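Start from the sequences and build out the full structure, keeping to the hints where you can.
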Amino acid sequence: MKREKGFTVVEVVVVIIILTTLATFFILQRSSLEKASRDQQRKTAINAMYYALREGYHREHGNYPLRISREQLPMIDPTLFTDPSGYTLNGDKCVYTNIQGEQKTNGKCEYRYSATDCDSDGKCKNFTLTAKLEAEADYTKSSHKK
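Numbering (this note's numbering), first residue to last: 1 to 146.
Errors might be hidden in some of the hints.
[Stated by the list, open to error] With a cut-off of at most 25 Å between alpha-carbon atoms, the simulated BS3-like pairs for lysine-lysine come out as follows:
1. K104 / K123
2. K141 / K43
3. K132 / K35
4. K125 / K35
5. K132 / K93
6. K125 / K104
7. K93 / K43
8. K123 / K141
9. K93 / K108
10. K93 / K125
11. K141 / K93
12. K108 / K35
13. K123 / K35
14. K93 / K104
15. K108 / K141
16. K123 / K93
17. K43 / K108
18. K43 / K132
19. K132 / K108
Bear in mind the hints are in silico, worked out from the structure with no lab data behind them.
All figures in this text were calculated on a predicted structure; none of them were measured in a lab.
What follows is the structure, given as structure tokens:
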């Protein structure tokens, strides 16, 4: 009996099942890795703002601002004020620039700055910075003594 070269139907089905399983695993892992990467970007931005406020702004002014913006913290990369979704923390507003270049203001920021213990001049003793994360609980840095 002459045997032909090639794969049997069972071998082809097994290979297809294995490839499908690997592709599904890759897609699920990729999504998790992308979320973790965006969360790390958010944490980096919050840490940069935190240290700029503590080591830069506070040392120079002796207090913390009522609101923060790129102009108040020129010592850090201005792109850090824009979260991975494209919303920019600017004062107490969240600004989004759409494809047409129009700026929209709404409350969808993933970054929040909250000043506390403020006087009538807007000089504050403490602050809290928070980033809304995708894969874990919110990330918060605070100037309050523990």
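These are the hints, each one checked on the structure:
For the hint linking K104 to K123, the alpha-carbon distance of about 28 Å lies beyond 25 Å, and the restraint is violated. At roughly 10 Å between alpha-carbon atoms, K141 and K43 fall within 25 Å of each other, so this suggested pair holds. Taken as a hint, the K132 and K35 pair is honoured in the structure, with Cα atoms around 12 Å apart against an allowance of 25 Å. The suggested pairing of K125 with K35 is violated, with an alpha-carbon distance near 34 Å, which exceeds 25 Å.
As the CA atoms of K132 and K93 are separated by approximately 16 Å, the hinted pair is consistent with the 25 Å bound. Distance hint between K125 and K104 is unfulfilled; the C-alpha atoms sit about 31 Å from each other, more than 25 Å. Distance check on the hinted pair: K93 and K43 sit about 20 Å apart at the alpha-carbon level, within 25 Å; holds. For the hint pairing K123 with K141, the CA-to-CA distance comes to about 19 Å; that is within 25 Å, so the pair holds.
Simply put, K93 and K108 have alpha-carbon atoms about 10 Å apart, close enough for the 25 Å limit, and the pair holds. As the CA atoms of K93 and K125 are separated by approximately 21 Å, the hinted pair is consistent with the 25 Å bound. Between K141 and K93 the alpha-carbon distance is near 20 Å, which keeps this suggested pair within the 25 Å criterion. Straight-line distance between C-alpha atoms of K108 and K35 comes to about 18 Å, which keeps the hinted pair within the 25 Å bound.
Annotation: proposed proximity of K123 to K35 is violated, straight-line Cα distance about 36 Å (limit 25 Å). Simply put, K93 and K104 have alpha-carbon atoms about 10 Å apart, close enough for the 25 Å limit, and the pair holds. Between the alpha carbons of K108 and K141 the distance comes to roughly 20 Å, so the proposed pair stays at or under 25 Å and holds. Proximity of K123 to K93 is assessed by CA-CA distance (about 19 Å); at most 25 Å being required, the pair is judged to hold.
Note on K43 and K108: the hinted pairing holds, with a Cα-Cα distance of about 17 Å set against a maximum of 25 Å. Using a Cα cut-off of 25 Å, the hinted pair K43 and K132 holds, with the two alpha carbons roughly 9 Å apart. With a C-alpha separation of about 10 Å, the suggested pair K132 and K108 falls inside the 25 Å cut-off, and the hint holds.
Checked against the numbered hints listed earlier, the structure breaks hints 1, 4, 6, 13; every other hint is satisfied.
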